[in-house]
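A.B. asks: What follows is each chain in one-letter form.
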Amino acid sequence: MAKSTQPDNLEEELTLKLWEGDESAKGELLVQWGTKLVGAIRKSFPTLSAEDAEDVVCEAIQRFWVWREKFDPSKSSLGSRLYWFAEKVAREFRAGHLKRHQARIREKGVDAEFFAGVAAPAEEPEPPDDRGVSPSPVQRALQDCFKALNDLQRDILQAYGDAGSYELDAASLGVELGHKHKGGVPIPAGTIRTNKSRAWDALELCMKRKNFDLAALGYSNE
Amino acid sequence: MNSKQPNMRRDALLRRALVPKGYRPTKGSDIDRLLDAMGSAPMDQETRERMLRKINGTEATFPDRSSSPSVLPSELTETERELVAMYRSRSKELPPDLDAKVKAMEARAAQRPKPDEESAGA
Chain A
0 MAKSTQPDNL
10 EEELTLKLWE
20 GDESAKGELL
30 VQWGTKLVGA
40 IRKSFPTLSA
50 EDAEDVVCEA
60 IQRFWVWREK
70 FDPSKSSLGS
80 RLYWFAEKVA
90 REFRAGHLKR
100 HQARIREKGV
110 DAEFFAGVAA
120 PAEEPEPPDD
130 RGVSPSPVQR
140 ALQDCFKALN
150 DLQRDILQAY
160 GDAGSYELDA
170 ASLGVELGHK
180 HKGGVPIPAG
190 TIRTNKSRAW
200 DALELCMKRK
210 NFDLAALGYS
220 NE
Chain B
0 MNSKQPNMRR
10 DALLRRALVP
20 KGYRPTKGSD
30 IDRLLDAMGS
40 APMDQETRER
50 MLRKINGTEA
60 TFPDRSSSPS
70 VLPSELTETE
80 RELVAMYRSR
90 SKELPPDLDA
100 KVKAMEARAA
110 QRPKPDEESA
120 GA
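Going line by line, the protein sequences match chains A and B. Mapping to numbering that gives the first Met the number 0: the first sequence position 27 is 26, numbers consecutive. Mapping to numbering that gives the first Met the number 0: the second sequence position 25 is 24, numbers consecutive.
Since the hints were made in silico from the structure, they are not lab data. A quick note: this is a predicted structure, and the numbers were derived from the prediction, not measured. One or more of the hints may lead you astray.
Chain A residues, not near chain B, derived (Cβ > 10 Å throughout) [what the hints assert, rightly or not]:
no.	residue
1	D54
2	E68
3	D168
4	T193
5	A215
Cβ-Cβ distance ranges computed for the label pairs, FRET-style [unchecked claim]:
no.	chain 1	residue 1	chain 2	residue 2	range
6	B	D98	A	L204	29 to 37 Å
7	B	R49	A	A102	20 to 28 Å
8	B	E79	A	R139	48 to 56 Å
9	B	A106	A	F114	42 to 50 Å
Cross-link-like lysine-lysine pairs, in silico, DSS-like; alpha carbons within 25 Å at most [to be verified]:
no.	chain 1	residue 1	chain 2	residue 2
10	A	K179	B	K102
11	B	K53	A	K69
12	A	K16	B	K53
13	B	K53	A	K107
14	A	K146	A	K42
15	A	K42	A	K179
16	A	K98	A	K16
Idealized CB from N, CA, C, for every residue including glycine.
The shape of chain B in the complex, shown without the other chains (with noise of 0.2 Å):
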């Protein structure tokens, strides 16, 4: 038995706990009830193409959408951007304040229209 095998079935066992058993369905009939109960609302034309692009590979899946909200320069002295890049390379936590500062502002970045929708609302 592979060493990892136990693990495994405990996190199989915690999923089992965590995710209702109609959401995990093992049989085609089972699969076939979740999606029939899953309505029929049609895919609005935007999301079509833009998936239909993704299924031709003419637009990427899963681009790193881990990368930090855009931060804005003029709030952040020469200095702290330096300091913030220096620690982040590191893998290290930043100091408290310049951590709060960073944290706020990318919030308030993450609450600015994404550039589509400035150019929709335009």
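Isolated chain A, as found in the complex (with noise of 0.2 Å):
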């Protein structure tokens, strides 16, 4: 079971509220955790902006409302709970897809496709360039290599890993980084994944330069 950041007895009262479905314990929620997951979901999303992230906060908070008759202490606690649903928000919220998990639970009362993934969230294995607390050679080179793009290249790539494994709509970001780049005029979906391609190669470059060949290391450019 995962250690709580709160005393035992205030989680175990603001689940047994949750159980029986008292609305305060939505202000409760709010008040325990939600500075905590704002602040963890901005580390998280550099991306997104302040006000983005509270509303991903205030969504996460609805769903996991909607889901709470499930919630098992026992399995997790409410915080790590509650960031899980905030992550899985922040995710559909860059990849373009919030309006439309939206839209479902308004019409249907819940979203199938975004509690079916609730169950049991799998724990990734952790992948070979990842291991260890510090950055490894191939995320430092990369680190390296993503800053010397252009900042409309940065962010697609950025906005394209943080989307997760949901499929980016291009439209939708080539609207949102229109504003940020083009005085308001949107960039065309396929400017955008065309900027995408060329960045991955201007990566591909940098990296082989420095003695990691992305495709022999099973990241390919396809």
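Given two chains presented individually in distinct reference frames, assemble the corresponding complex, making use of the accompanying hints.
C.D. replies: Rendered as structure tokens:
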């Protein structure tokens, strides 16, 4: 069982309120975890604005409320479970899928696709490049190569990385980045994808100069 | 295998490089550690009330924040305003001189206090 960061009795009381459907529990979740969750989400998704991170946490608490009866305190703490929800919402938002999920929840009261993954969140195996606390040599080389890209390409690659397993909607990203880089003119989806491809080509070349062959490491650009 | 999977693996590799390991936890115990590290400063009342309205569904989350800051109409001629509308409706770039003028106005508009800040200061 994950160690709780809240005194056990507080967490137990709050869990009971959640199971009983006591609406005041929503406010207590916010007071207990709101600031920590917003801070953690901003660290994990540094491209999110403060307003977006706040909305991610609100959306996560809303969805947790829908799911609350299934919460099992023997499997996770309230905080870690809320973070798990918030991380999924942040990825949905970054991928441009959030509005679709929100609409589904409004229409059906539940989002089967979202909640299907809640039962047993998989702990992904640690990739070889990610062992240890400090960045691995591959990660350090990638950081250096990433810095050499232009602003737009960096934003595009970071958005794709933040979207995780969600397939990113390039048109939606084009609208967002159009406001940041083109004075409000949307960047066409095709241009986003072309820039992404070119950015990875540049990264591959840069990594080769640093003696890292991404394709040979299993990270092909296809 | 889905043809998109190789790209997602590569995107994930980049995320691992760009976001420190402690900020992308997967285990419950790591998440608890991250949350602990975020401190315990209380949320101010205004933020708490706003977030609670969003949680209760009485205020929308993720409103459209992408609309351009309002421009001051007196700074553009009528023809220039029409040109801006025409170019933007066609998703085309503005001519350089007009683009520079609009950007300067938007930058000034962005620095102006928001309506609620103005009323709070009044």
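A.B. asks: Now, for every hint given, state plainly whether the structure supports it.
C.D. replies: Here is what the structure says about each hint:
1. D54: Contrary to the label, D54/A does not stay out of reach of chain B, its closest Cβ about 4 Å off (not over 10 Å).
2. E68: Answer for E68/A: holds, closest chain B Cβ roughly 18 Å.
3. D168: 13 Å, holds
4. T193: The claim holds: T193/A sits with its nearest Cβ about 14 Å from chain B, beyond 10 Å.
5. A215: 13 Å, holds
6. D98/B - L204/A: 29 to 37 Å: This hint holds: roughly 33 Å between Cβ atoms.
7. R49/B - A102/A: 20 to 28 Å: For A102/A against R49/B, whose Cβ atoms are near 23 Å apart, the range 20 to 28 Å holds.
8. E79/B - R139/A: 48 to 56 Å: With Cβ atoms ~49 Å apart, the hint holds.
9. A106/B - F114/A: 42 to 50 Å: 44 Å, holds
10. K179/A - K102/B: 12 Å, holds
11. K53/B - K69/A: 23 Å, holds
12. K16/A - K53/B: Since the Cα atoms of K16/A and K53/B sit roughly 20 Å apart, the hinted pair holds (cutoff 25 Å).
13. K53/B - K107/A: With Cα atoms ~19 Å apart, K53/B and K107/A stay inside 25 Å; holds.
14. K146/A - K42/A: The given pair, whose Cα atoms are some 19 Å apart, holds under the 25 Å limit.
15. K42/A - K179/A: 21 Å, holds
16. K98/A - K16/A: 29 Å, violated
Violated hints, listed in ascending order, are 1, 16; each of the other numbered hints is respected by the structure.
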